[in-house]
Every structure is written in structure tokens, then in C-alpha cells.
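Trainee: Each chain is listed here by its residues.
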Amino acid sequence: MALVLNEEQRLLQETAKDFLGSRAPVEALRKLRDKRDAIGYDAALWQEMAEMGWASIIVPEIYGGLEFGFLGLGVVIEEAGRTLTASPLLCSGVVGASAILLGGSEEQKQSLLPSIAQGELTFALALEETHHHRPNHIGVAASQQKDGYVLNGNKSFVLDGHNADRLIVVARSHGETRDTEGLSLFLVDGNAPGVTRTRTIMADSRNAANIQLNNVTVTASSILGEVGEGWSVLEPVLDRGRVALAAEMMGCALESFERTVNYLKEREQFGVLIGTFQSLQHRAAHMQSELELSRSVLLQALSSVDESPEDLPVMASLAKSRLNELVKLVTNEAVQMHGGIGVTDDLEIGFFLKRARSAMQIFGDTGYHKDRYATLNGY
Amino acid sequence: MEDLEQFRLDTREWLTANCPDSQRQPITPEQQYWGGRKGSFPSEDAQTWFERMRDKGWTAPEWPTPYGGGGLSPQQGRVLKEEMKRIHARTPLFGLGLWMLGPAVLEYGSEEQKQQHIRAIVNGEHRWCQGYSEPGAGSDLASLQCKAEDKGDHFLVNGSKIWTTAADRCDWIFCLVRTDPDVKKQEGISFLLIDMDDPGVSTTPIELISGESEFCQTFFDNVEVPKENLVGELNKGWSVAKALLVHERKLMSEMGSESPRQVLTPNEAAREYLEFEDGKIADARLRSDLADYDMLMQAVALTHFRTFEEKAAGMRSAAPMVMKYVGTEAEKTKSELLLAILGSRGLGWEGDGFTEQEIDTLRLWAMSKAMTIAGGSSEVQLNLVAQKILELPQP
Ligand SMILES: Cc1cc2nc3c(=O)[nH]c(=O)nc-3n(C[C@H](O)[C@H](O)[C@H](O)COP(=O)(O)OP(=O)(O)OC[C@H]3O[C@@H](n4cnc5c(N)ncnc54)[C@H](O)[C@@H]3O)c2cc1C
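From first to last, the protein sequence lines stand for chains A and R. Per this note's numbering, the very first residue in the first sequence carries number 64; after that it's consecutive. Per this note's numbering, the very first residue in the second sequence carries number 35; after that it's consecutive.
Derived by calculation from the structure, the hints in this document are not laboratory data. Note that CB positions come from ideal geometry on N, CA and C, so glycine has one too. No false leads were mixed into what you were given.
Have a look at the derived ranges for each label pair, beta carbon to beta carbon: (1) R:Pro429 <-> A:Arg241: 51 to 61 Å; (2) R:Asp326 <-> A:Arg99: 32 to 42 Å; (3) R:Met355 <-> A:Glu388: 23 to 33 Å; (4) R:Lys314 <-> A:Ala348: 36 to 46 Å; (5) A:Thr339 <-> R:Met355: 18 to 28 Å; (6) A:Lys328 <-> R:Asp312: 48 to 58 Å; (7) R:Glu390 <-> A:Asn277: 21 to 31 Å; (8) R:Asp214 <-> A:Glu388: 47 to 57 Å; (9) R:Lys314 <-> A:Ser85: 44 to 54 Å; (10) R:Pro98 <-> A:Glu388: 46 to 56 Å; (11) R:Asn52 <-> A:Gln351: 58 to 68 Å; (12) R:Gln332 <-> A:Thr339: 35 to 45 Å; (13) A:Ser85 <-> R:Asn256: 43 to 53 Å; (14) A:Glu355 <-> R:Lys119: 45 to 55 Å.
30 Å max Cα-Cα, derived BS3-like pairs, lysine-lysine: (15) R:Lys276 <-> R:Lys345; (16) R:Lys314 <-> A:Lys391; (17) R:Lys261 <-> R:Lys219; (18) R:Lys366 <-> R:Lys119; (19) R:Lys366 <-> A:Lys391; (20) R:Lys284 <-> R:Lys270; (21) R:Lys276 <-> R:Lys422; (22) R:Lys90 <-> R:Lys345; (23) R:Lys422 <-> R:Lys218; (24) R:Lys276 <-> R:Lys185; (25) R:Lys148 <-> R:Lys261; (26) R:Lys366 <-> R:Lys422; (27) R:Lys366 <-> A:Lys328; (28) R:Lys284 <-> A:Lys391; (29) R:Lys181 <-> A:Lys328; (30) R:Lys422 <-> A:Lys328; (31) R:Lys276 <-> R:Lys261; (32) R:Lys181 <-> R:Lys148; (33) R:Lys115 <-> R:Lys284; (34) R:Lys276 <-> R:Lys218; (35) R:Lys276 <-> A:Lys328; (36) R:Lys181 <-> R:Lys276; (37) R:Lys270 <-> R:Lys218; (38) R:Lys218 <-> A:Lys328; (39) R:Lys345 <-> R:Lys119; (40) R:Lys219 <-> A:Lys328.
Extracted from the complex, chain A is given alone in its bound form (with noise of 0.2 Å):
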């Protein structure tokens, strides 16, 4: 297992570096909410993203991927993190794709991923119906008709929902509510006639929507995997979207980390610097030791999707759970140690603790993932 990042990879982390440090830095997402942007993200620069080839960084090469695997996608989506990037990198690079990647038929495979590869075509996950995250809580039906299906019901938090091109959605066709069994993933067109999306604007300025079914009919052709048989579709897309945000959330947690470090070495109180006080150092120390525990579990679980899935649910669970522990923990700290001007909407700290908040929720808070770890080690 590779803990260690290769050269390659450690490339692709400096050109992610210089690019988003240059192109899109916290000061575009401020932008983008201040100016109440309708998409949200620039669109000019998710192409030029794409151009370098990270929409379809985990995409195999035969579809006209870069084939990166995801220590590559890591290192990037972290960088984004750090700056955060609004971009569809998340929703259609990594989920979307995977959904795709694992589930598709070939000619699925061979229609849609060239086009998420250039950045043509975006995707949203529409998949929460409640304000938790339950995958298995599903109650949007799949009624069957002739030659296809119709799809009742809603969805909420459905990220980047509000202008995604095609929307996959997770549906009931049999069984009850909390059944794994009995669900279906359909791709539907984001315009289709009876789907009604509302944008939510949400505390860290990016795009979710809420997302009304009203008898949107499907043809067969559009299911992802088997009919009933989406859950072992849509739990290893999960594990990798886990996976992918902890890394985002690495990245978040390391930005406002450094940028506090470094307010510790220039603000003066009492005739000396703030970061001579020893109760400041020993939390900055306690906060570099769980970033180095993090560290560890982020590089163990990415390397888990290429290598060794089958301990992904594990490392999933453990990434997501731990590192949303550290990005509150240090997103916290960051405002605290800023003082009053930690609080202030001037300062970019503040972006930091609104992300860390939405990214804890997404794909599952830590007391999801920490009973999911029970489960799955049996106890």
C-alpha cells in the first residue's frame, strides 16, 4: 500500500498548487456569493479543469480518461480544498463518473464517460430525501410502465442539483423504506418535463437544490446496474465520494491550520507574540498530531479504492468519520486563535468554518460513520 505520494502524483499535487492558487482562490468563491452567481461555480474554469484532465482524473483511459487512480484525484481534490474551489469536480468527476464506471453497461460507459471526461457533462447525485444522511431511506418510487418507468416524489441537499446536466436518482421499486434491496439508480435529464429544481443557498456559498419528481418517466435503458440491484451500485459510489471529500476536507483543515500557525508568529499581544503562549502551542501541537493521524488514514483509504476495495467501506467510514473530527476541531481553533478578527467576514477563515460545516454533513456525519464502522467490524 502506498502511504507515500510518487513522483507523478506529487506533480500533479504542484500544478493543482499553482493552478487553483492562481485561478481560483477563496477570493473567487467569495465572488461567486457575492455577486449571487446562478451557477455557482465559473464555468470557464471548470473547462480549462478539465482541459488538464481532472473531470475525468479516475476515468480509464479507454474512455478517454487520464486513469490517475485516486491518490491522483487525491492530491487534487486537496488542493481544491485549500482553496475551495467551487467546481463540479466532486459531484460529476468523482460520483458521478463512479456511478457510471461501476454500474454502466458499456454502451452507457462508452456514451457518457468521454463526455464527463472533457467537461461536456455534469452530474448530481439526487439521493438524500431527509436532513441526515440515510442512502437507504428511500422513498421516491419507480413505477413500472411499459417500456420504462415513472418516478414520483422528492429529494433535498441534492449537490450541484440546481444546473447539473443529468441527475441520478436513487428510487424505490419495491420493498420498504429502509430496504437496501428494491432500489434503483435512473439517470435523468436535469430538464426533463416534471422534474422542478429549487437552489438552496447554503451557509459555505456552494450549490445544493431541492428536487421535486412529479411523474418523470424513464425508459429502461436509463437504469444504472440492475433493476432492485442499486445498492451495491450506490454504496461503493458513496465510499469513493467519502473518500474524495475527506481528502477535500484534508485540504480545508491544512489551509486553516497553516494560515492560524502563521498568525501565532506575526500577532503581538502583551509586548510578545500570540505564539509563545504555551496553552496556543499545545493546541497548535494536538491539532498538527491529529492532521498527522489524518493524514495516514486519508492516503491508507484513497489507496483502498484502486487496490484493495474490498476494505473500502472500512477506510471510508474511518476517513470521513476522522476527518470530520479534525476539520471541526481546526476550523474551530482557527477562528478562536484569529481573535476578533477571526470572526469578521473580511477575513477568509470564516469561508473555512463554513465549508468544514457542509462537508461534514455530506455523505454522512461522524456518527453515522462511526456506527457504520461498529457494524462493519461487527460489533
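Dock chain R with the ligand against chain A, hints included.
Mentor: Below, chain R with the ligand alone, put in the same frame as chain A:
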């Protein structure tokens, strides 16, 4: 004791007869009355309620009657509070004048200052803000630089203050200024009252992570302040400042319990937003966090009560010194817990996708981050405990 019972009965009767129904409900920030020349009443009932309370001196129940206060004993004051709470009566008047400056002027001010300012506070005529912090002087307040030069009949003030809450809506500011730069830093500070309408005073707002902008930076450019606006002795302002900080911290330690927004308690939120199985919260972690929080709040409430009893009995204890730290940290824990309970519904910033209550929960969460910094950060509070209570050696 019997007198106190009689007082309770009379108070109960008076409140029932005089507090309008609309003033017996939880209050939102928009419904608060802060007085001042720039202030206005949020509603007619709020005005009626304020005027009735004012006429009894009950905007400042424990202040002396000659200056418009209610002249109540601390025990009577507590009874009044309890009786108001019983019917959910709103606080008729808010403000730093009532909470912080008033007590300091009553203790250190001249007779003229009491005549001029105390009644104006009780009557809601003047709204006050606090000019302590400066860009370079936060936790290390005593290193402040804003200077006041003695020009015979007045002081000439130059410099700036930062984080002055609501300065753009206030009439007066109480300031710490440097009047002697050549002595130990605490010994050259004076306590000055400045009319915000004086030429040379200006403010600019600073936006917060909660999306509100309560803060301002306040600038003084050759402001002439009459000598009689000095509170206490020249260069002895530090002791006034410290006395006032004690009030501020006490206030902040209690603030959580009367949070002004319409936010659910974690317990109520759990009922509304969490799944229950066999009467228990299904999410074991949130259940345990909620129990932790509830127990903490019980302990905090009991300690507040104990400190009151101890004070009334003339005893001293360490508890009041830790309460600012404990209270504001608990408030932060509560906000984090609420967000966790609300899940994605707690992440709404604005718009129709969320209820007002949900958005307020998030905004209050962002604001809770400020409370462990304002009025002396948690770290500084702990330093004080280590030094003053534990008398630990200093580096
Ligand atoms: C909501 C809010 C309202 C406020 N309202 C007012 C107001 O109305 N009027 C006013 O004058 N001021 C006001 N303030 C300012 C407030 O008093 C200061 O922000 C506070 O004293 C901290 O100072 P600072 O921001 O300069 O932080 P700094 O002093 O720079 O502190 C930075 C970090 O270093 C830590 N630190 C500093 N010294 C030590 C030490 N000795 N040991 C360990 N750690 C240390 C701090 O705890 C903090 O974590 C307000 C602040 C807030 C957040």
C-alpha cells in the same frame, strides 16, 4: 422574608395587569428596544410596556431612585426577574448603558455625571457603546494607544477603536484613552465619555461571519471632549475599566440562557429533527452528546444559582471567575450540537428553502464563535483563573 413574599405577590399582580400580551413572548432581535436618539420602538405595545416599566424605575430595578432607578434590593430584583420570567415578559430595554456603563458611573462617577447620564440610560434616551479594543490592543487591552491630550478646558482625542459593537447606532461611547504615555502602561489610562455627535467622530461597519455587521471601527480625529467627561481620576481609568469588565463577563456568562433569537433548544430540536426508536433518539452519538449538553447546562444553571446565594450570604468563591469561560464555551457547544441535530437543514444561509428558525440557528452558531473571544477570550479567562485563583507562578 414575609416582605419579600408580599413583594412577589404585588409584583405578580402588577405585571399581570400591565404587561401587554404581545410582550409576553420570546423576543427576536428586531423586537428589541435599545433606546437612543437613533432608536425607535418596534411596536406600540413595546412602547407602552417600556413606558410602564420605566415609570416604575424597573428598566434598572436595582439602581437608586434619585436617578430614576427602581431602588430594589438584590433579593427583590431577583424576584422581579423570576416573576417576569414566569409570564415570559420581555426585557423592556436593552443596552450597554444598563449593563455596563451605569454600574461604573454609579460607583466612580461624580454627582453631575450621575445626574446627566444615569437617568438618560434608565429613560432609554442614550444608547452607549464600548470603546476599549484597538487594532493593536485586544487581549492586551492595557497597551492601547488612542490618546487624549490635556488642552486646559478639554481633552483632544486622536486615534481609533475597533470592534465597537453597534457604534453606528449609538449616541455615546465610553472609551479608554492614553493620557500619560511615559508610565507603566496601566497607569497612564483614563476613562472618558464621548458624545458620538461631536465633530471628528466617525464609524465604519465591519461585516461578521454570521452575515450581520454589528461591529464598527470608530475613529477620533481631533475630537474635543470637555474635562467633566472624565470618569474617576486622571490616569486611574484602568480600575474603572476592570470593574466594568467584571459586569461584561457576568453578563456574557448568562447570555446563553436568554438567547434573543427564536432558536430551539437542543432538546426541542431533537424532537423535531431526529428519528426516535423505542422512545430513544436513534442516533446513539447525538443522544449521548445531547445528554452531555443537558447535564452541562444543569451544572451551569445550578452554579449561577449558587453564586447568587453565596453573594447574598456575603461569601466569596471561585465560581464567578470561571463563569464567563464556562458559559460562552457551553453556548458554543450548544450551537454545534444544534447544527448536528438539524443536519443539512442547519446549513441554510438564506432563501425560501429553509425556515427562519433554521437560518437563525446557523447565524447564531456563527455568532457563538465570537462570544468566546469578546469580553476577554477564553484563553485570557483561563489565565486569570490560573493567576488570581490558583496563584500559579507567572513566566
Ligand atoms: C462579538 C464581539 C463584540 C465585541 N465588542 C466590543 C466592543 O463593543 N468594544 C470593544 O472595545 N471591544 C469589543 N470586542 C473586542 C474584544 O474585546 C477583543 O476581540 C478581544 O479582547 C480579543 O482581542 P483581539 O481580537 O485583538 O485578539 P488577540 O488579543 O489578538 O488574540 C488572538 C488569540 O490569542 C489569544 N491570546 C492572547 N493573549 C493570550 C495570552 N496571554 N495567553 C493565551 N492566549 C492569548 C487569544 O485568546 C486569541 O485566541 C468585541 C469582540 C467580539 C468578538
